[in-house]
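Q: With the hints as constraints, model all of the structure from the sequences given.
Chains as they are written, first to last, in the UniProt record's numbering: chain H, 1 to 680; chain L, 1 to 696.
These are calculated hints, taken from the structure and not from any lab test.
Don't take each hint at face value.
Said to hold, decoys possible - Once the Cα atoms are required to be at most 30 Å apart in a straight line, the calculated DSSO-like pairs of lysine-lysine come out as: (1) Lys350/H to Lys665/H; (2) Lys520/L to Lys434/H; (3) Lys665/H to Lys253/L; (4) Lys225/L to Lys125/L; (5) Lys533/L to Lys311/H; (6) Lys48/L to Lys652/H; (7) Lys48/L to Lys3/L; (8) Lys127/L to Lys666/H; (9) Lys387/L to Lys557/H; (10) Lys350/H to Lys658/H; (11) Lys323/L to Lys557/H; (12) Lys633/H to Lys303/L.
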Amino acid sequence: MAPDLTFRSKGGPTEDVQTGDNEDEDEEVDESGYKTVKDAVLFAIEVNESMLKVPPVSSSKKGDRSSPLLAALKCAYHLMQQRIISTPRDKMGVLLYGTEASKFYDEDENSRGGWSFPHCYLLIDLDVPEAEDVKALKELTEADSPESADIFKPSREPVLMHNVLFCANQIFQHKAANFTSRRLFIVTDNDDPASSNKGSRSQATVRAKDLYDLGVTIELFPISTPEYPFDTSLFFDDIIYKSSPSDPEAIAYNPASMVDGTGSKLVTGSNDGISLLQSLLSNIASKVTPKRALFSSVPLELAPGFRISVKGYLLYKHQKPARSCYIYLGGERPQIVTGYTEQVAFENSKPVQKTEIRKAYTFGGQQITFSDEEVKQLRNFGDPIIRTIGFKPMSRLPLWANIKNSTFIYPSEEDYVGSTRVYGALHHKLVKDKLFALTWFVPRRNATPVMAAMIPTLPAEATDDKANVAGVSATGAPQGLHLIPLPFADDIRQNPPTTHQHPLRPPDDLVDAMRPIIQQLNLPKGIYDPSKYPNPSLQWHYRILQALALDEDIPEKPDDKTVPKYRQIDKRVGHETIEWGRRLEDAYKQYQAENPDAVRTGSKRATNDPAATSSAGTKKVKSEVGDPTSEEKIRELWQQGRIGQLNVAQLKTFCASKKISTAGKKADIVDRIEEWLESK
Amino acid sequence: MDKEATLYVIDLARSMGEEHSGRSISDLEWALQYVWDKITNTVLTGRKTLQIGVVGFGTDHTSNDLQDDDGYRNISVLQPISQILMPQLQALPAMLRPSKTDDRDVLSAIIVAVDMMAKHCGTLKYKKKIVVITNATGRIDDDDVEDTASEFKGKGIELVVLGIDFDDPEFGFKEEDKSPVKMQNEKILKTLVDLSGGVYGTMQEAIDELSRPNIKPVRPTPTFKGQLKLGDPEHYDTALSIDVERYFKTSIKRPPTASAYAVRDAALPEEDMSAVHSLYKYKVKDEESGGGTRDVERDELAKGFEYGRTAVAISESEQNITKLETQAGYDILGFIPVDMVERYMILDNSSMIVAQKGNDKAAIALSSLIHGLYELGSVAVGRLVKKDMSEPIITLLSPFVETDFECLIENILTFAEDVRSYRFPPVDRVLTVSGKELTEHRNLPSEELLDSMSEFVDSMSLVRGDEEEMCIDDTFSPVLHTIEGAIKYRAVHQTDDIPEKSEMFLAYSRQPEELQEQTKGALARLIAAADVKKVPPKTKGRRKYRETEKPLSGLNVDDLFRKQNRTQISPDNAIPEFRQMLEQSSDLNLVKDAVQQLASILQDWILRSFGDANYDRVLEGLGVIREEILGFEEPALYNEVLRDLKKKLTAGELGGNRTDLWYRIRVTKLGLIANDTSPSSDVSRADADTFMSLKG
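A: So, in structure tokens, the structure goes:
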């Protein structure tokens with residue numbers, strides 16, 4: 001975790017632009033090139049009498065008694081915390097409309113020309129959230145009677161939607177210029193905001209088109225009541241577009257809502273046990289991650305001369321806590337420091353120009369150089385492509401054959417019309433006959449080529465209560481094909497050493513005793529559902545940071561969902577494990593009786609193998625000579641440029657004494673030590 | 001790892017300079033391919049403990065420890081046993097040349113080698129190996145064959161004899177018209193090898209094997225040692241626990257990385273390079289200073305984290321405060337059927353879980369779990385904490401059973417945060433906006449397409465019975481071996497071009513030819529049924545979005561705009577209005593006008609930008625102009641905008657020094673539209689590149 005990482009701070013905004021030379025990096029690239037790969041979400045929440053109405057006490061204990069407005073704000077609060085963890089560079093804001101009060105940057109009622117956007121209250125500006133924003137939302141939602149806050153007082157005159165949309169337009173232009181993804185989330189129960197004013201309606205249509213042309217997607221989260229279903233045809237169908245310009249090939253608008261087959265309407269006060277808050281949360285959560293393609297112009301070749309176009313997405317990727325950074329405390333408020341590096345020549349520490357740098361490989365103590373042209377030639381294995389080599393049954397894809405995360409590919413009609421149906425046919429065949437395609441996969445120009453298995457999503461069985469309209473898997477993976485990079489022969493490690501030529505096999509009755517244990521401890525639904533297991537380290541890291549940032553009390557005990565349910569295990573298989581333990585003792589006794597020598601070897605190795613002790617002894621002497629791991633000595637070596645002469649064990653000893661990470665190869669450790677020495 | 005000493009005993013007699021068996025290179029050159037490969041592979045590892053020596057025999061001179069005895073003449077130690085570095089490696093080619101004599105006794109040379117080996121290694125633990133390369137045409141005094149063989153056995157030295165054009169019925173090689181001397185010598189050498197328990201082979205076989213890349217083994221080191229538990233042994237006596245160890249099963253082997261060196265003087269030879277290292281510097285925003293930033297010293301800084309855009313400093317004593325407290329251990333959470341594993345969800349490399357080494361009880365216990373899982377078709381879900389205070393990971397444990405090895409295979413599973421719930425429409429049906437399901441649609445395969453796809457896939461199977469083509473064990477990392485190969489080649493052949501890529505790796509990148517042949521008919525039918533059409537590059541531009549530019553209701557928004565009649569672009573809504581103006585008209589004059597209007601708005605934004613405040617908007621605006629203009633195929637319009645901008649920027653007319661903006665225009669690839677992008681452009685790629693440099 002964090003302290004194990006190098007302490008290099010992030011770069012400025014220019015470094016967010018992909019330059020395209022990051023080998024083996026899985027970063028999403030926006031192929032339009034000039035845009036910053038970031039997302040901005042602005043919530044626009046309507047304030048009116050019905051949005052403020054607190055639902056009656058429900059019979060179920062879990063029932064959340066939030067007014068629609070409060071539910072929306074709670075969602076925003078929840079999302080803000082989530083986005084700080086998962087997408088710390090993305091922006092978010094909250095705009096209330098229909099309020100008596102108005103607020104827009106540094107305007108006030110005395111501004112020239114009055115309010116630009118009356119009854120629009122910019123509660124939280126569109127920006128990377130800061131602790132104050134989280135705190136503000138928290139206080140609003142956790143107040144005793146939150147609905148009575150002054151700012152939530154509805155305006156007496158109806159709000160003009162074109163004003164709201166143009167207000168959003170201005171916010172996006174100023175605060176999220178050049179973002180790849182900009183979304184406006186409208187939460188309201190008012191399906192006809194322009195009912196009384198025809199002119200405003202057509203103006204709103206124009207302003208909606210402006211947003212569309214600006215590249216802003218509008219997502220509507222309509223709230224219905226059992227008495228009054230929300231009718232999108234009254235107004236919203238005129239301002240919402242089928243797809244955003246960045247996602248031209250989406251067929252059905254809003255496939256998310258089709259997962260449960262119930263449509264996207266949110267119902268307040270419904271008595272099916274699901275509160276408005278929960279459904280709003282899950283609806284928004286399903287849309288909150290902007291879809292970012294990993295690549296979009298890599299063809300899928302089924303055979304020479306037969307290609308279709310696909311886009312690649314990363315569905316699974318390690319979410320790690322942000323690196324620790326350096327903070328400057330000398331200013332008015334703590335400031336994050338930007339780190340940068342300067343290349344200097346080793347001997348005289350003089351800066352080196354880029355043109356003076358040559359890349360060389362060390363071989364036999366000397367440098368072997370290649371020209372840039374030669375390096376390119378060596379690395380070039382052809383254009384980016386997913387090329388089908390042939391097909392094999394799934395049984396030929398063992399679980400161990402894994403080296404990194406998969407890439408999801410989805411058809412696009414962009415380069416080849418008809419791609420979708422061909423992809424569909426291939427998907428159908430692979431699912432039906434349990435096959436995978438072996439492919440040659442070069443994801444980017446000059447990327448390291450790999451062999452990858454192309455496998456279909458595991459279809460979930462449709463159950464009675466839920467029709468699986470979108471064809472997703474049991475854990476919600478979209479229907480389609482995944483590329484799993486396979487190891488090469490070079491990547492397979494040898495088996496660990498054993499003391500027996502053949503593995504010891506248990507007697508049948510011991511295996512029999514194990515079966516009921518396995519059978520009785522199946523996970524719910526027989527699946528591993530990742531959504532049930534948040535990463536405890538990550539959550540704790542941010543939980544503590546939040547507490548520190550907001551000056552809250554530090555929580556005492558983490559909520560770790562990954563800890564096994566010990567009590568249940570004891571209850572369910574207690575008898576069986578005792579029986580298994582008894583049989584193991586018997587089996588072992590019998591084994592000892594049959595192999596009297598075996599036991600001795602085992603214990604002898606651990607204690608008094610003369611060879612082992614003597615070699616350990618000499619090692620120790622070697623590293624004690626003049627204690628090369630003292631700071632003084634290391635610094636001296638560093639100044640002579642000879643740190644690399646120490647062995648890894650010595651380097652690690654030094655690292656341990658200075659709390660420097662020892663991860664990675666020797667060169668990495670040396671780098672970190674140098675960095676540390678420089679910083680002192 | 002064990003120390004290794006390898007001695008190459010190489011026949012350098014005159015006859016080795018001749019060409020045989022239809023080869024176009026001399027026997028020596030041919031055999032040396034093998035030697036170079038082995039030696040450079042060893043050098044590449046950079047290990048001090050892999051030592052090599054070279055003995056030549058049939059040399060013009062004599063230089064060895066036993067030379068006082070006349071039986072050991074024409075034998076020269078060319079390289080004593082030591083680690084080989086570049087100087088030694090580079091000295092070897094000059095010494096490995098055919099001599100002017102054919103006088104030598106290979107057995108004497110072997111005895112010299114055994115003597116060297118014994119002296120070098122003494123009683124230290126070494127893996128010792130002597131590799132003899134000869135055409136066996138010299139006279140051999142075979143008196144000492146038995147004694148020598150027992151020396152090999154007694155000293156634990158492995159003997160490898162690789163003979164040029166030796167007969168090898170197993171490999172399938174027989175030299176025609178072999179001389180009786182050679183025939184006799186082959187027999188003697190065979191006897192020696194058999195008696196000493198070594199390896200005897202013909203050179204061709206060794207050369208053939210070179211094409212199979214060399215895999216460098218990595219010593220297995222456990223990445224976790226501890227208990228695999230079901231239940232909590234601290235609080236429940238029903239808990240089950242087994243002592244286990246964890247080792248990597250796979251791990252990506254990356255090609256060697258080049259490091260940076262500085263050439264101080266272009267005139268100096270490249271060996272005279274200085275290592276480059278990085279200095280870390282830190283800066284903070286400071287509006288009072290000139291550039292908007294100020295350098296700070298490391299001492300002035302505290303460590304901390306970002307929470308959103310808030311900096312949270314953490315004092316030295318509390319560095320661990322955000323770390324979750326954990327205890328090392330491996331817990332089983334539960335079990336699932338292996339059929340329910342979503343294979344694509346797995347992250348990272350895989351590991352092996354085996355019983356603690358030497359612990360037979362643990363081995364029996366773990367084996368009962370492995371076999372239990374295997375028989376039930378189940379896998380376990382586990383939670384691993386590698387050591388105290390390290391973060392937990394969730395794993396999938398599946399049984400792996402072979403006759404000589406068994407273990408649990410461990411894969412790393414995703415946490416909730418690792419999953420990105422992107423939504424995609426299903427591929428096996430089409431849903432309309434109203435939620436209706438369509439069974440026939442241009443995006444859905446027809447029966448005919450399904451059938452021909454099925455036939456095609458079946459004809460492309462890489463598995464025939466037990467025969468599997470391109471299995472993992474037979475595919476080698478192309479980049480790794482190509483780069484290593486090039487380094488080794490260049491080390492020995494400094495002035496040559498880099499070698500061609502090996503055919504072997506290129507073969508992975510295409511379908512096997514016999515498959516292509518056999519699938520022709522099926523493919524033709526598939527292509528016909530699929531009816532895929534390539535989109536011509538030109539129409540890929542903006543026209544595409546035309547159809548979708550209507551709201552859900554299908555309202556014709558254009559009508560509304562006509563009424564509005566926007567001809568002036570207002571700065572506060574510039575991009576939408578610019579786009580709308582272009583949509584309304586394809587009159588080139590109007591397009592020009594719109595571009596000019598937006599361009600001057602952009603310049604105004606730059607002029608009024610405080611620091612870099614407006615840069616993102618400017619880049620977005622430029623990007624939009626460029627994109628739209630590309631659609632119109634009027635590259636000159638954009639190029640003009642950019643030229644004008646550069647002129648004003650460099651003249652300092654837009655608010656002083658704006659070089660940082662120009663830099664960002666360059667890195668975001670918003671340069672001139674060259675004729676490789678838009679054929680009607682009068683700018684070449686090279687000119688476009690020069691233009692982007694401010695010096696140019």
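Q: Please verify whether Lys350/H and Lys658/H have alpha carbons no more than 30 Å apart.
A: Within the cut-off at roughly 28 Å; holds.
Q: Does Lys557/H lie within 30 Å of Lys323/L when you go C-alpha to C-alpha?
A: holds (12 Å)
Q: Does the structure keep Lys665/H and Lys253/L at a Cα separation of 30 Å or less?
A: holds (13 Å)
Q: CA of Lys387/L to CA of Lys557/H, is that 30 Å or under?
A: holds (20 Å)
Q: Decide if the proposed pair is consistent with the structure: Lys520/L and Lys434/H, CA atoms, cutoff 30 Å inclusive.
A: holds (24 Å)
Q: Assess, step by step, whether the Cα of Lys48/L is no farther than 30 Å from the Cα of Lys652/H, and give holds or violated.
A: Distance ~20 Å between Lys48/L and Lys652/H Cα, so the pair holds.
Q: Assess, step by step, whether the Cα of Lys48/L is no farther than 30 Å from the Cα of Lys3/L, and give holds or violated.
A: holds (9 Å)
Q: Hint check: Lys633/H vs Lys303/L, CA-CA at most 30 Å. Holds or violated?
A: holds (27 Å)
Q: Straight-line Cα separation of Lys350/H and Lys665/H no greater than 30 Å?
A: Distance of about 27 Å is within 30 Å: holds.
Q: Check the hint pairing Lys127/L with Lys666/H against an upper bound of 30 Å on the C-alpha distance.
A: holds (26 Å)
Q: Measure nothing beyond the straight line between the CA atoms of Lys225/L and Lys125/L; if it is 30 Å or shorter, mark the hint as holding.
A: holds (28 Å)
Q: Taking only the CA atoms, is the gap from Lys533/L to Lys311/H under or equal to 30 Å?
A: Cα-Cα ~17 Å, so holds.
In summary, this structure violates none of the numbered hints.
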